[in-house]
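K.L.:
10 is the number of the first residue of the sequence shown in my numbering; add one for each residue after it.
Heads up, some of the hints might be wrong.
Claimed, not checked - Estimated spans, in silico, between C-beta atoms of each pair:
#, residue 1, residue 2, range
1, Asn-164, Leu-93, 32 to 38 Å
2, Gln-96, Asn-249, 16 to 22 Å
3, Ser-138, Ser-185, 16 to 22 Å
4, Ala-168, Ala-266, 28 to 34 Å
5, Ser-235, Ala-282, 23 to 29 Å
6, Gly-251, Leu-93, 17 to 23 Å
7, Gly-256, Asp-169, 32 to 38 Å
8, Ala-269, Ala-112, 29 to 35 Å
9, Val-92, Ala-239, 34 to 40 Å
10, Ser-235, Ala-113, 31 to 37 Å
11, Ala-266, Pro-244, 20 to 26 Å
12, Ser-138, Asp-183, 17 to 23 Å
13, Ala-239, Ser-138, 42 to 48 Å
14, Gly-122, Asp-255, 18 to 24 Å
Read the hints as simulated data drawn from the structure, not as lab findings.
Values in this document were obtained by computation on a predicted structure and should not be read as measured data.
Beta carbons: idealized from backbone N, C-alpha and C, even for Gly.
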Amino acid sequence: MDRSIATRPSLEQWIRHHLAARAFSRRTLLGGIGGLTGLSLLGCSSGGSGGTAGTGSTTGTTTSTTSTTSTTTTTTTTPGSCVLIPQETVGPYPLFNDIASAAAYQRADITDGKTGVPLNLILNIVNVSNQCAPILTAMVYVWHCDKDGYYSGYNQSGADLRGQTFLRGVQTTDTSGRVTFNSIYPGWYPGRATHIHFRVYLGLALQATSQLAFPSATTSAVYSTSLYVAKGQNPTTASNDGIFSDGVSYQMPIVTANAATGGYDAELTVGIAA
Numbered sequence: 010m011d012r013s014i015a016t017r018p019s020l021e022q023w024i025r026h027h028l029a030a031r032a033f034s035r036r037t038l039l040g041g042i043g044g045l046t047g048l049s050l051l052g053c054s055s056g057g058s059g060g061t062a063g064t065g066s067t068t069g070t071t072t073s074t075t076s077t078t079s080t081t082t083t084t085t086t087t088p089g090s091c092v093l094i095p096q097e098t099v100g101p102y103p104l105f106n107d108i109a110s111a112a113a114y115q116r117a118d119i120t121d122g123k124t125g126v127p128l129n130l131i132l133n134i135v136n137v138s139n140q141c142a143p144i145l146t147a148m149v150y151v152w153h154c155d156k157d158g159y160y161s162g163y164n165q166s167g168a169d170l171r172g173q174t175f176l177r178g179v180q181t182t183d184t185s186g187r188v189t190f191n192s193i194y195p196g197w198y199p200g201r202a203t204h205i206h207f208r209v210y211l212g213l214a215l216q217a218t219s220q221l222a223f224p225s226a227t228t229s230a231v232y233s234t235s236l237y238v239a240k241g242q243n244p245t246t247a248s249n250d251g252i253f254s255d256g257v258s259y260q261m262p263i264v265t266a267n268a269a270t271g272g273y274d275a276e277l278t279v280g281i282a283a
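Work out the full structure, taking the sequences as your base and the hints as a guide.
P.N.:
Here's what the structure looks like:
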């Protein structure tokens with residue numbers, strides 16, 4: 010496990026805690042009759058075209074309302090606004106879809122040897138129902154394509170990447186409601202602006218499925234570098250991407266150059282109603 014997340018609950022501990030809490034709640038409600046079977050964390054989208062998954066997938070989410078949040082009332086000072094994050098399609102390449110798989114993805118460095126301009130992705134998960142107090146021990150899953158536009162885990166045109174898990178990761182938030190993933194700047198594929206997918210869970214219940222975009226100037230600069238130049242510039246921007254057509258202001262992170270890595274830091278506040 011990465012040193013940066015070593016002090017947080019492991020996903021096994023996180024899952025056991027919430028399963029126990031959920032079971033207790035059901036026993037209280039039903040007079041001791043409860044139990045959980047067939048719990049599924051992540052489901053594939055039925056919309057959009059995509060490749061063939063390397064593993065089977067199950068559509069569906071849980072409906073538990075248990076959550077763990079902070080009790081402080083200080084407002085956030087991180088980039089973004091204290092609003093609910095817009096919901097978006099999960100897309101055709103979510104890959105893992107169950108509790109057993111989630112633990113295998115718990116890591117901060119998700120590069121798996123993939124080359125590209127370094128990107129530190131920082132997501133601050135906050136509670137819009139409590140003055141944007143940070144949400145503690147939410148589970149966050151992120152995934153995106155490599156510099157050539159391919160996703161791990163699927164057989165796509167020109168690349169059979171079944172069995173691989175690069176550029177995918179899961180973390181639980183720290184005591185500041187934050188997760189940080191060390192990755193690379195995403196590439197692109199036809200019809201979509203450059204983007205990253207993410208999902209947020211509270212108490213085993215899916216709370217948000219969304220995507221973040223990138224400033225056009227930063228994307229243009231990255232795609233002019235030697236690692237990306239062969240593919241060329243992405244003709245689709247956030248302004249003409251159908252997924253972001255209803256507005257992208259709350260999904261646009263603050264992106265700054267990182268002199269230490271030679272890449273960028275991208276930080277976004279993600280509002281959840283907990």
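K.L.:
Which of the numbered hints above does this structure break?
P.N.:
5, 14
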